[in-house]
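Enquirer: Sequence:
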Amino acid sequence: MAIPNIYIIGSQCTGKTTLTNVLIDRFNHTRSPPERPAVIKEVARTILKTHGFNADDIRNSKERAMELQRLIMEAQFENEQSLAKGGCWYVSDRSALDTIVYGRIYAGRDAAHALLESSKWAEMRDRMADSLVVVCEAGADWLIDDGVRLMPTSREEWLEVHSEFCRALEDFGLTYEVLSCKVEAMEHRLDFVLSKWEELKKRRISNAA
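Quick note: the sequence shown uses my numbering, first residue 374, plus one each step.
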C-alpha cells in the first residue's frame, strides 16, 4: 500500500512552511524509516530570485505572471517526478495547484487555462487526488512582507486568495481539509494534519482489504 503524500497549501503567510518543517521533524523522530517522508520545499522563492521576478512584474504583466507560474509548475513536476520514480512518499510545501490559482488571480482564467492543458498538470492533479491536501486558512496575524514574495495589498485580497484556492480545488474535484486560522498553537496544527493523514491511510488499508 502506498503511503499518502501530504500537500500543505494556501495563500501567503498562513504558516505553511513552518508547519511543513515541524511535520517533517515529527515524522523523522517518531516513525520508522518507511513512514519518514521526503520533503518538497517551496520552489517559488528560488525561482523569483533566480529569474529576477518582482511584484511589479507579476501585478502589471500578465505575460510575466504566467511565465513565473510555468516555471514553478515545471520545478514542482521535476521534484514530484524524481520522488515518485524513487518510490518515496513526501510532504510538499505548496503544489502545482498554486500555479493555477495565482495564474487566475494575476493573469485571468483564460490565461491560466493554458496550464491546465499540460500533461504535467494532469499527472500532478492525479497525485493530489490520492493525497491529503491541507489548505491553511488566511486570517491570522501572520501577514508579514519578507521582501521576496508577492504580498496581498489588503486583508480582503488575502482572504480572496484563500477562497480562490478552495474554488480551484472544487473545480478539479480534489478533496481537501481546511486548517482554520483560529488554530494557532503549533502542536494543535500538527495534530490536525496527522489525524487527517492517519484517517486517509486507514481508509486506504480498508479499501485494499
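For the record, the hints were derived by calculation from the structure and aren't laboratory data. Being a predicted model, the structure only gives us computed values, none of them experimental. Where hints are given, some of them may not hold.
[Said to hold, decoys possible] Simulated restraints on C-beta separations:
no. : residue 1 : residue 2 : range
1   : Gly546    : Pro406    : 12 to 22 Å
2   : Asn580    : His424    : 37 to 47 Å
3   : Glu496    : Glu571    : 34 to 44 Å
4   : Ala484    : His561    : 35 to 45 Å
[To be verified] Under the rule of at most 16 Å between Cα atoms (straight-line distance), these lysine to aspartate or glutamate pairs were calculated in the EDC-like manner:
no. : residue 1 : residue 2
5   : Lys435    : Asp483
6   : Lys574    : Glu557
7   : Lys569    : Glu496
8   : Lys574    : Glu537
9   : Lys493    : Glu447
10  : Lys458    : Asp483
11  : Lys569    : Asp544
12  : Lys574    : Glu447
13  : Lys422    : Glu440
14  : Lys574    : Asp483
15  : Lys414    : Glu440
16  : Lys575    : Asp483
Glycine residues also receive a C-beta, built at the ideal position from the N, C-alpha and C atoms.
Enquirer: Evaluate each hint against the coordinates.
Expert: So, going through the hints one by one against the coordinates:
Restraint check, Gly546 to Pro406: a C-beta distance of roughly 34 Å breaks the suggested window 12 to 22 Å. Range check, Asn580 to His424: Cβ separation about 43 Å, and the 37 to 47 Å hint holds. For the pair Glu496 and Glu571, the supplied restraint of 34 to 44 Å is violated, since their beta-carbon distance comes to about 26 Å. In this structure the supplied range 35 to 45 Å holds for Ala484 paired with His561, their Cβ-Cβ distance being about 39 Å.
Taken as a hint, the Lys435 and Asp483 pair is honoured in the structure, with Cα atoms around 11 Å apart against an allowance of 16 Å. The hinted pair formed by Lys574 and Glu557 fails the criterion: a straight-line CA distance of about 25 Å is larger than 16 Å. Among the hinted pairs, Lys569 with Glu496 is inconsistent with the structure: their alpha-carbon atoms are about 23 Å apart, more than 16 Å. Restraint check for Lys574 and Glu537: not satisfied, since their Cα atoms lie roughly 28 Å apart, outside the 16 Å limit.
This hinted pair checks out: Lys493 and Glu447 have alpha carbons roughly 8 Å apart, not beyond 16 Å. The hinted pair formed by Lys458 and Asp483 fails the criterion: a straight-line CA distance of about 33 Å is larger than 16 Å. Of the supplied pair hints, the one linking Lys569 and Asp544 is violated, its CA atoms being roughly 22 Å apart against a limit of 16 Å. Taking the CA atoms of Lys574 and Glu447, the gap is about 29 Å. The hint is violated against a cut of 16 Å.
Under the criterion of a C-alpha separation no larger than 16 Å, the hint pairing Lys422 with Glu440 is consistent with the structure, at around 14 Å. Between Lys574 and Asp483, the direct Cα distance comes to roughly 37 Å. Violation of the 16 Å bound is thereby established for this hinted pair. The hinted pair formed by Lys414 and Glu440 fails the criterion: a straight-line CA distance of about 20 Å is larger than 16 Å. For the hint pairing Lys575 with Asp483, the CA-to-CA distance comes to about 39 Å; that exceeds 16 Å, so the pair is violated.
Checked against the numbered hints given earlier, the structure breaks hints 1, 3, 6, 7, 8, 10, 11, 12, 14, 15 and 16 and satisfies all the rest.
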